[in-house]
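Here the protein sequences come in this chain order: D and R.
Quick note: the first sequence uses my numbering, first residue 1, plus one each step.
Quick note: the second sequence uses my numbering, first residue 341, plus one each step.
Hints are computed from structural coordinates only; laboratory data are not their basis.
Among these hints, one or two may not hold up.
The calculated SDA-like cross-link candidates involving lysine to any residue, where the alpha carbons are at most 25 angstroms apart (straight line), are [stated by the list, open to error]:
hint: 1; chain 1: D; residue 1: Lys173; chain 2: D; residue 2: Gly230
hint: 2; chain 1: D; residue 1: Lys173; chain 2: R; residue 2: Val563
hint: 3; chain 1: D; residue 1: Lys173; chain 2: R; residue 2: Thr564
hint: 4; chain 1: D; residue 1: Lys173; chain 2: D; residue 2: Ala231
hint: 5; chain 1: D; residue 1: Lys173; chain 2: D; residue 2: Arg225
hint: 6; chain 1: D; residue 1: Lys173; chain 2: D; residue 2: Arg276
One-sided and incomplete, this derived list gives chain R residues near chain D with beta-carbon spacing under 10 angstroms [stated by the list, open to error]:
hint: 7; residue: Ala376
hint: 8; residue: Val416
hint: 9; residue: Gly427
hint: 10; residue: Cys485
Virtual Cβ for every residue (Gly too), placed ideally from N, Cα, C.
One letter stands for each residue in the lines below.
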Amino acid sequence: MQGPVLGIESSCDETGVAVYDPAAGLLAHALHSQVDLHAVYGGVVPELASRDHVRRLLPLLDRVLGEAGLSRDQLGGVAYTAGPGLVGALLVGASVARALAWGAGLPCLGIHHMEAHLLAPMLEPDPPRPPFVALLVSGGHTLLVHVADIGRYTVLGETLDDAIGEAFDKTAKILGLGYPGGPALAALAEQGDPGRFRFPRPMTDRPGLDFSFSGIKTFALNTYRAAGPGAAADIARAFEEAVVDTLVIKSRRALRQTAARALVVAGGVSANRRLRAALRALGETLEVAVHFPRPAFCTDNGAMVALAGAIRLGAGEAEPDLRIRVRARWPLSELRPPGR
Amino acid sequence: MAAILGIDTATEACTTGLWMDGEVRVRHAVTPRGHADRVLADCQALLAEAGLSLRDLDALAVGRGPGSFTGVRIGVGVAQGLAYAAGLRVIPVSTLAVIAQAVAEHAPARWIAVAIDARMEEVYWGVYRRDADGLVRPAGAERVCAPRAVSIPDEVGACVGAGSGWDTHGVALQARLQGRLREMEPGALPHAAALLRLAAAARERGEGVSPAEAHPVYLRDRVTHTGGSGG
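Just chain R, same shape as in the assembly:
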């Protein structure tokens, strides 16, 4: 049996879930704050309901960002601590991909263009393709940039726009897609079920890192005003 605990706290959603051979239990709360208050208690409740302990798990999945810097670190820090305690491997998954996967489960189009509002007139951006197995895969690299500068691979066809960036910058992003946009889901957020689906597939491919190697991905590295490229 494969059992994976998943955590994503990178956005307004504090979403945790437990995967047991494809059966998924989820705790999902959308609050701007309070992730630190509930993430561990949610993990505890998920395991208790399933009658499992942390050591019964095969891996720990975490949304490694991009998103809120602090939110990303709470998720990754908790994943590091849990995985270290129980001797588990960590499967880091892009938070953009998790949003794409969550939307792909019901989307009327094969392509998902994910944009998270990154403030400072920028978005975290990634384009994903839903394949025959139902999983999303990235088309091009993730990046942080101005809405008018987002990159769209030529192969991209009819497309769903997902994530908070479509709320703030929908007009500019739609212009970039040049008529390929079928639908917008600006309220789309990461969901643990989607995270775990991607993580289970990654685990089958043998992916995973040690807890110490599980690092946040911020995309935005310019975080100071005094020059330099920052962290």
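So that you can see chain D by itself, here it is in the shape it has in the complex:
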């Protein structure tokens, strides 16, 4: 494959399109967030997400090719998120991508959504080199992954119940904040008294790298019931500190266990300021480089899919037939190094 790669992301509630050139880097990217569409329902409605993707994709594609100054004929390949995610939403991106690629005579490849997140820091200057540890924190995922090399992933730990972003949103709902509640909760926490409540740090008192966040959420609910709405800011602060502490403790353990010299943090929750500061401090203590993608590439986006596509298509991978396939579940450990 030669030439820039088109990347399409539609696994949940963001429609992302980007073009990445193996030689020149990211040429253009565009995103449509459906947050407002789902806000009234207090969560992502899969059917509404799918309906929006199919309306947004081609206009975004036009915009991205325009910004990159490219015509359709100048593309070298097409990559799309094939999973994990919402099947109906994934199918929209996959259908358009597969048809577009075949129609244009281009190689096409389905990309693992979490691998794309893992590789997103490579869109930035001074990218991390494997081996490193990656902490993926989003509305759908909480994962610690050892990246021995691109395509060689070992999941060190993951959440046993709620994803971290889910815990943020549910706790925000308890506190009467809107959806999505994560950023609102973080803002409220700034006004909270850090010493008033102390929440548990689940699963930090025993070995292992798995997470559990439903207990903190329940603790928040009970505290709110006992202390009343006046305590909302203090509860937000205690919740956020407990969550950040938990993530830092597990990240430290993962770094020690693997002796990795770099930590990559990705996923929507990595935009959280307190988490960023705490993980930076951890990096200084352990003398480990900490990499965050810019906020736009922390959340779901097309750029990371185009990048992952450029790496794998560039190694000669491509879908072997014309079947349009997506996967709701897809363990990271099933992936192989590019071209193998």
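With chain D's structure known, arrange chain R on it following the hints.
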């Protein structure tokens, strides 16, 4: 020469076809699932057999629904992608009209009342008239509603009932037609030959949209339980 590729994946039928000046080749499979597995391969086979490439086409026709939400989006998404790649216009055609056209080719009556089972005790409904040119045209608007609430224009005479809705709700629908029903074809499905016939006529009238403007039509917009009118 006018060449059009047609796709309808909105129902159990995964039906694709290639129109070349009235000559039609079709790939037609009835499976509850697997449309995503075969639709592109079928398109490829149709073009290869005819010795054509996508860029030799004049337009792309797609059944834009109503039907299975996911099925409709696979068809429209594939049509969008193909048309975008090859710089083609898209001709969206109602899946209800495609069923009516498929039945009209042999129907013993001039009127076709199409009902697709929409679950939740509703049907996707549309009434069509077969004209002298052999093409069906809508009589009244398409809608999704309870079988007992379907609308039938006064002008409608002897009629054939077509589509899966007649299987599930035949008794209620027949009652609405008040003696005008001549025959039922509950197994009637969209067929690419019918889609392409309607699309070729639409193209001659100058109809067609850009790929980005090719949108699904679901009819059912209430898809959440928490209130609001949904999408």
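Q: Grab the minimum C-beta distance from Gly427 of chain R to chain D and call the hint holds if it beats 10 angstroms, violated otherwise.
A: 8 angstroms, holds
**Q.** Restraint check for Lys173 of chain D with Ala231 of chain D, where alpha carbons must lie at most 25 angstroms apart
**A.** Judged against 25 angstroms, a Cα distance of about 14 angstroms means the pair holds.
Q.
Please check whether Val416 of chain R passes as an interface residue: C-beta within 10 angstroms of a C-beta belonging to chain D.
A. Holds: closest Cβ of chain D sits about 6 angstroms from Val416 of chain R, inside 10 angstroms.
Q) Given the proposed pairing of Lys173 of chain D with Thr564 of chain R, does the C-alpha separation stay at or below 25 angstroms? A) Status holds; Cα separation ~19 angstroms.
Q. Is Lys173 of chain D close enough to Gly230 of chain D, meaning Cα to Cα at most 25 angstroms?
A. Distance ~15 angstroms between Lys173 of chain D and Gly230 of chain D Cα, so the pair holds.
Q | 25 angstroms Cα cutoff - pair Lys173 of chain D, Arg276 of chain D | A | Distance ~23 angstroms between Lys173 of chain D and Arg276 of chain D Cα, so the pair holds.
**Q.** Hinted contact Ala376 of chain R with chain D - closest CB pair below 10 angstroms
**A.** Hint on Ala376 of chain R: holds, closest Cβ of chain D at ~4 angstroms, below 10 angstroms.
Q | Restraint check for Lys173 of chain D with Val563 of chain R, where alpha carbons must lie at most 25 angstroms apart | A | Holds - the C-alpha atoms of Val563 of chain R and Lys173 of chain D are around 23 angstroms apart, at most 25 angstroms.
Q. When you check the alpha-carbon spacing of Lys173 of chain D and Arg225 of chain D, does it fall within 25 angstroms?
A. OK: Lys173 of chain D and Arg225 of chain D at ~13 angstroms, within 25 angstroms.
Q.
Restraint: Cys485 of chain R near chain D, CB-CB cut 10 angstroms. Satisfied or not?
A. Violated: closest Cβ of chain D sits about 19 angstroms from Cys485 of chain R, beyond 10 angstroms.
Of the numbered hints listed earlier, the single one contradicted by the structure is hint 10.
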